[in-house]
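Colleague: Which chain is which? The protein sequence lines are C and S, in order. Each residue of the first sequence is one higher than the one before, starting from 2 at the first, in this note's numbering. Each residue of the second sequence is one higher than the one before, starting from 453 at the first, in this note's numbering.
Just so you know, these hints were derived from the structure itself, not from any lab. Since the model is a prediction, treat every value here as computed from it, not as a measurement. Each hint should be verified, as a subset may be incorrect.
Said to hold, decoys possible - Think about it this way: if two alpha-carbon atoms lie no more than 20 Å apart in a straight line, the pair counts; the simulated PhoX-like pairs of lysine-lysine are: (1) C/Lys41 <-> S/Lys542; (2) C/Lys41 <-> S/Lys909; (3) S/Lys909 <-> S/Lys876; (4) S/Lys876 <-> C/Lys364.
Listed below are the residues making up each chain.
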Amino acid sequence: MKQRTELATRMTEKLDYEEMLGCMRCGFCLPTCPTYIRSKDESASPRGRIAIMKGVVDGLIEPDEGVEKTLNECLGCLACEPACPAGVRYSVLLEDARAAITEHKRATGQMPVRERLVRKVVFDGLFLNKAKMETATGFLRFYQQSGVQTLTHKLRILDWFPDQLQKMETILPTVPPKTERRRRPERIPATGATTARVAFFSGCLMDTMFYETNANTIKLLQAAGCDIVIPKTQQCCGALHGHAGEQTGAVTLAKQNIAAFEAEDVDYIITNAGGCGAFLIGYDHLLKHDPEWAERAERFTAKIKDFASILIEVGFLDRVPLSLPEQLITYQDSCHLRNVQKGALAPRVLLQAIEGAVYIEQKHADHCCGSAGVYNLLQPVIANDILEMKMGHVNVTAAQTIVTSNPGCHMQMQLGIQEHGTDSMRAVHLADLLVEAMDHHAI
Amino acid sequence: MTQLREKIGADVVFTDSTTRLAYSFDATPNYQAMPDAIVAPRSTEDVQAVLRLCHEHRIPVVPRGSATNLAGGTTPLSGGVVMDFRHMDKIVEIDEKNLTVTVEPGCITAHLAQAVEARGLFYPPDPSSMKISTIGGNISENSGGLRGLKYGVTADYVLALEAVLPNGEVLRTGGKLAKDVAGYDLTRVLVGSEGTLAVITQATLKLIPLPETKQTMLAYFEDLDSAARTVSRIIENRVIPATLELMDKKTIEVVEAYANIGLPTDVGALLLLEQDGPLDVVRRDIEAMHAVCLEEGALSVEVARDEAHAETLRYARRIALSALARLSPTTILEDATVPRSEIAEMVRRIEAIGRAYDIQIATFGHAGDGNLHPTVATDARNHEEMKRVEAAFADIFAAALDLGGTITGEHGVGAMKAPYLEWKLGPAGIDVMKGIKLAFDPHGIMNPQKMFAKAAKKRIVQGGLS
Ligand SMILES: Cc1cc2nc3c(=O)[nH]c(=O)nc-3n(C[C@H](O)[C@H](O)[C@H](O)COP(=O)(O)OP(=O)(O)OC[C@H]3O[C@@H](n4cnc5c(N)ncnc54)[C@H](O)[C@@H]3O)c2cc1C
Ligand code: SF4
Ligand code: SF4
């Protein structure tokens, strides 16, 4: 009992009461929330989750497993934020509540050994440290190239793992060799007249497993007339830490990134992963109470821009003709690109400019696909339900090409195709498709 | 609880504190109370089973749609069971021969509207909350929307109801009939009954043909009076617009400050006008309304060129509540209604009351049917100010009644306005209503503490004004 009260106190200290009061409980966010749509249960809705957090702070309920469960089941897709007439910043509440729970568990020794271990490996090891990330993806590459992958498949070793991990394993992208990844220069000049000076945020996952997509993004920026710099000292954005309640780790990474990019005199800092971009844009909130960093963080976040928006802004379409063999294309919004970075329009404008391809908007393109970082691993049942709904809408469009703007969505859509789609479908990152269209036109 | 679980299945009965908290409130500011359980029946039979059990053990039952009501209607003030219709949300039948639609209570109003519009039919009641509110809630609150002036409110479309009485008996009223005078009109008794009589489990609603076209127009006025006069004159001229919405100066200022859409803030009021129907009728009416606006001294009038333009004209009205909501932690939207001819006078009185109690009130609403939404930006934690807000609203209701109006046009009585109901109905009216309640619900288990207050507020005529 005493421990519970301790958690309630922690949440009371951490949660912004003004923000919770701002919710007028109108329910306008309900029809946008994937977990509410799935269950029609108020305790799985944004309004319900805010009320539950406030209920803990007000002392109406104890923060028991039920409270933790509703917060864990939230995708963090933030579809609820743009829908809210009162402008409640749900993301801030969610992040702070999760941080309170994690801190509490750690402080009271309540974290199960397995979870502690996973957190240590993932958050302190992998993502806090680019070199370790390299090593891990190196293993992945070895595993893919050496025939071990085929062997494990044959031996059904994966049957030992939970279902969801097994499925994910089959759709992991092929990692390029490290030497190739090392060869990329730090500064890359524009092709033709310079339109902007930009820094590229290469990301951690994006720069290893999706290295090709990063290379393509750079190619596009170059063709659009951008002088590009890729600061070597940059780190993972910290989104996974932030969303999992590991605020300390997120703050460390934020400071390293701000420092890395401050050194460069650029107009914009470009991202090509919706999740990272949205988290970078929130650095000002993350560091707002730190007198030394608050202002630096604001300057940093003001420069964040997604690559599709910058392409439109500097007139990429006037410079570069695009075409593809005849095909139907549909777009799956990255929740964070759309709801936080407000970048829903640019990808659609770019796709519609491709000659030969026909763009079809899928119903509810703005609804989360269920990937949501590592959500699909942690909440496989809900994630699968949501993915199934999503693929229903995708299938209606009969599109052969599903375009995404975030590595998580990309893999999830691949999984969706594998589970509920057809053989003629593929999922591609927007940058990869645009380069394909550029090259196709050149032939 | 064990019995409940046995009767309708353990997976639709919830008693954990997290879920109970999530069902402890609705959209009404400052109302919250914990229920003992939440049940989500799958069928009329489930509803019967739950009610029989609750009737026998005298357990309160609170039916709940999406809890968007603004009257404390679904807060379980006496605890008990909250009945949730998430599983009963189907459209049972669209009957194109009789132009009716039959639905379960949990069906979202917007889903119903889309489904019938896809067949060229029209369900006109459109509360601003229609994207999330349920038909069961709409019927129980007798909700109205922007189209109320021309098309009426929910009551005008309910043809038949299936409801379960507290003792578990099923009551069927009305039918797919245009005419039905067999006995008391129990359908009308259930419409607007706010879950205090029975649980509605199915409804048959009237549909009409979908209007062919629609035109939108926005007019600015120097002062409130000319806007209000315009409203009366339009209707005198035998034009019944589909939409006739008013925003006062304060609302315009707040909307502009929030959205920066270039609204002039030196005007006194704006009107949003729409007409729908056959193209030539729409053209003629829009021209007639345009002329009246100019005659009454409108500063400018803008007619939408196309749908995109119409959407920008509607935008200001649509975001009024959002803009007001961002002003302060607590937003209280009220719902007083006066005869159309008294709109200007009512808005002036609201302004005076705001000044007298030193609170910020902005007013917007459905000018066409006299339904105004005075909205206060306040902070529930400021108890001293909340007292003034409460007193101001009492004065506003009194003012509405003085002008021949009512204490609520569409949001219902619930717990919030129960103390004022007697002002409107008089003691005889309250007695008849209590008699009806007793006939339906002898043990008083249905949504207790709603509609009927323990004591009516004493009416002080225009108290705070000097
Ligand atoms: C931002 C906003 C705008 C709004 N705009 C409008 C508007 O323009 N016009 C308008 O009229 N209202 C409006 N409302 C008020 C509200 O949305 C309506 O009253 C709506 O009809 C409530 O529907 P609901 O499904 O949320 O019902 P709830 O709020 O869940 O319930 C309302 C009442 O109905 C009862 N009830 C629900 N289902 C049943 C059932 N099956 N059987 C018996 N009783 C039942 C409940 O007990 C309660 O008393 C607005 C509300 C908000 C928050
Ligand atoms: S839309 Fe905003 S104000 Fe309304 S219930 Fe949701 S979070 Fe609260
Ligand atoms: S973040 Fe997404 S899942 Fe979570 S409450 Fe908001 S809309 Fe629902």
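Colleague: Hint by hint, say whether it matches the structure.
Modeller: Here's how the hints hold up against the structure:
1. As the CA atoms of lysine 41 of chain C and lysine 542 of chain S are separated by approximately 14 Å, the hinted pair is consistent with the 20 Å bound.
2. Taken as a hint, the lysine 41 of chain C and lysine 909 of chain S pair is broken in the structure, with Cα atoms around 38 Å apart against an allowance of 20 Å.
3. Of the supplied pair hints, the one linking lysine 909 of chain S and lysine 876 of chain S holds, its CA atoms being roughly 12 Å apart against a limit of 20 Å.
4. The straight-line distance between the Cα atoms of lysine 876 of chain S and lysine 364 of chain C is roughly 48 Å, outside the 20 Å bound, and the hint therefore fails.
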